[in-house]
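Protein sequences appear in the order of chains A and B. Going by full-length UniProt numbering, the first sequence opens with residue 1, and the numbers climb by one from there. Going by full-length UniProt numbering, the second sequence opens with residue 1, and the numbers climb by one from there.
These are computed hints drawn from the structure, not numbers from a lab. Heads up, some of the hints might be wrong.
As the list claims (entries may be wrong) - Each computed SDA-like pair below joins lysine to any residue, with the alpha-carbon atoms no more than 20 Å apart:
| # | chain 1 | residue 1 | chain 2 | residue 2 |
| --- | --- | --- | --- | --- |
| 1 | A | 107 | B | 140 |
| 2 | A | 107 | A | 146 |
| 3 | A | 277 | B | 89 |
| 4 | A | 107 | B | 266 |
| 5 | A | 277 | B | 109 |
| 6 | B | 89 | B | 109 |
| 7 | A | 277 | B | 114 |
Claimed, not checked - Residues of chain B placed beyond 10 Å of chain A at every Cβ, according to the derived structure:
| # | residue |
| --- | --- |
| 8 | 15 |
| 9 | 266 |
| 10 | 273 |
All residues carry an ideal CB built from backbone N, CA and C; glycine is no exception.
Protein chains: 2
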Amino acid sequence: MFTGLSAFPLSPMNEGGLDERAFVRLIERLVAADVDSIGVLGSTGNYAYLTMAERARVVALAVEHAGKIPVIAGIGALRTRDVLTLAEKAQAAGASGVLLAPMSYQKLFADEVYGLFEATTDALSVPLCVYDNPGTTQFVFTDELHGQIARLPKVASIKIPGVPVEPEAARARVGRLREQIPSHVTLGVSGDAFAATGLNAGCEAWYSVIGGVFPATALAITRAAQAGNAEQATRLSERLAPLWALFRDNGGSLRVVAAAAELQGLVESPCLPQPLKSLSGEGRQRLAATMEALDLA
Amino acid sequence: MFTGLSAFPLSPMNEGGLDERAFVRLIERLVAADVDSIGVLGSTGNYAYLTMAERARVVALAVEHAGKIPVIAGIGALRTRDVLTLAEKAQAAGASGVLLAPMSYQKLFADEVYGLFEATTDALSVPLCVYDNPGTTQFVFTDELHGQIARLPKVASIKIPGVPVEPEAARARVGRLREQIPSHVTLGVSGDAFAATGLNAGCEAWYSVIGGVFPATALAITRAAQAGNAEQATRLSERLAPLWALFRDNGGSLRVVAAAAELQGLVESPCLPQPLKSLSGEGRQRLAATMEALDLA
């Protein structure tokens with residue numbers, strides 16, 4: 001389950017609540033594209049902004065409509081207590097795996113993060129992917145801590161934040177982390193602009209934001225890399241440079257893919273929880289022009 | 001209300017819930033010490049870790065036991081929707097003012113933060129203090145944005161994160177911000193190690209962590225500065241240097257004051273929500289020795 005293309009859909013919502021019909025539409029697109037797994041309630045799925053009840057509903061809807069494709073559910077929360085509740089509910093709803101980031105308000109220490117993963121894996125019956133995202137959690141994993149957590153039972157993958165741009169440096173970085181972790185634990189790259197480089201450098205998975213909204217585009221890169229065609233994967237990714245530039249200029253991928261889904265009519269506008277705003281004005285026009293030029297849909 | 005010593009108590013809790021008896025004890029100590037205001041559900045009050053219902057209960061208990069001392073309630077949340085609900089509940093429970101930090105998971109842009117404060121102040125009937133805490137919110141205010149937000153109705157104070165150590169530089173920093181904001185908006189310093197310098201530099205308030213657990217100590221510094229006795233305020237603060245060093249070495253003040261309250265028997269141990277841990281081992285021994293040497297109680 002923690003290999004190939006894991007597509008992370010938005011959780012479209014407004015101030016009234018989750019837009020369930022739009023969410024199901026997004027899931028159905030991923031099923032039609034035949035992605036390798038569906039990662040709901042990642043950062044792209046705005047897990048941190050939803051109530052416990054809304055999160056349980058997202059997992060249930062995804063499982064109901066995902067067919068044979070495994071659903072991985074984000075269970076991150078500020079409190080260990082809430083993480084344990086979310087893990088239980090995700091399992092009850094039929095999630096095949098869970099994804100856990102050490103979300104923080106007070107910056108966490110390594111022993112606190114280890115304690116969180118220890119308590120969670122103790123309680124789990126499905127496998128877990130460690131979600132390393134310093135940009136949103138404020139927590140920076142060392143490779144040593146990754147190694148300690150990866151040896152806990154149920155840990156099956158690590159979602160890492162990007163890799164160096166240089167192919168040799170990327171391979172070295174993946175290799176260094178690989179030395180610290182058991183061989184059954186896969187590595188998955190995130191930061192879509194780095195995905196081709198990460199897959200070419202030996203990551204077994206791509207935890208993908210654009211996979212949630214442009215699944216065919218993300219699959220083409222993934223399949224090229226999996227077939228050993230590193231050059232083609234790189235070329236397909238470099239073609240998307242204007243999209244990566246939009247991510248860079250708009251605080252990351254979330255606001256851009258939200259606007260992309262709005263522009264495609266897949267979700268209503270706005271689809272992000274306030275105070276977050278998707279692109280407007282010139283940024284939105286630039287995105288529309290980019291989507292047309294790159295034939296993204 | 002947004003002047004003098006505003007004392008920020010812990011919200012003692014365990015995995016089962018809030019320890020209401022211990023919380024009331026902390027409030028009663030602040031009333032006995034006669035602090036100028038009580039700031040519940042600040043970062044020290046672990047607002048981000050509590051449910052909406054628990055937060056309403058904290059405000060109600062504080063108001064019930066605070067007597068004539070005004071209660072300021074933290075209403076920060078990731079979603080504007082939740083901030084508005086918390087504002088309504090805090091007002092209904094009798095809070096005299098509210099405190100709002102632009103809490104984030106996705107880093108926020110300035111226009112998103114402005115939108116949050118605009119929506120909130122539109123709905124408020126009590127005054128609001130802007131809570132500027134980049135260490136926990138990941139958002140850095142510019143003075144220009146402070147000026148724009150301070151001109152919104154209901155904004156009455158800004159809780160700023162420390163000031164430069166040098167008295168002249170501190171005065172210049174406070175002066176620059178003061179130029180941007182209306183004269184009815186007060187400035188309050190936080191970061192306890194900087195409090196004497198901030199008060200001496202012209203801040204009207206100290207939003208104080210140690211005020212919540214050592215109120216007499218914090219009041220002595222505040223009253224000296226308010227009386228124009230800058231040297232005495234500085235001397236009283238410098239005496240606490242071993243405490244400021246403990247804050248520096250333990251990721252800030254929260255884990256230290258939690259352990260201090262545990263050591264005094266004011267709260268049960270542990271009193272922080274997992275995965276957070278208060279001090280243990282050598283750190284805890286060092287705190288106990290510091291409290292004894294400085295006669296803190």
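Do the hints match the structure? See the list:
| no. | hint | verdict |
| --- | --- | --- |
| 1 | A:107 with B:140 | holds, 16 Å |
| 2 | A:107 with A:146 | holds, 18 Å |
| 3 | A:277 with B:89 | violated, 26 Å |
| 4 | A:107 with B:266 | violated, 25 Å |
| 5 | A:277 with B:109 | holds, 9 Å |
| 6 | B:89 with B:109 | violated, 27 Å |
| 7 | A:277 with B:114 | holds, 12 Å |
| 8 | 15 | violated, 5 Å |
| 9 | 266 | holds, 20 Å |
| 10 | 273 | violated, 5 Å |
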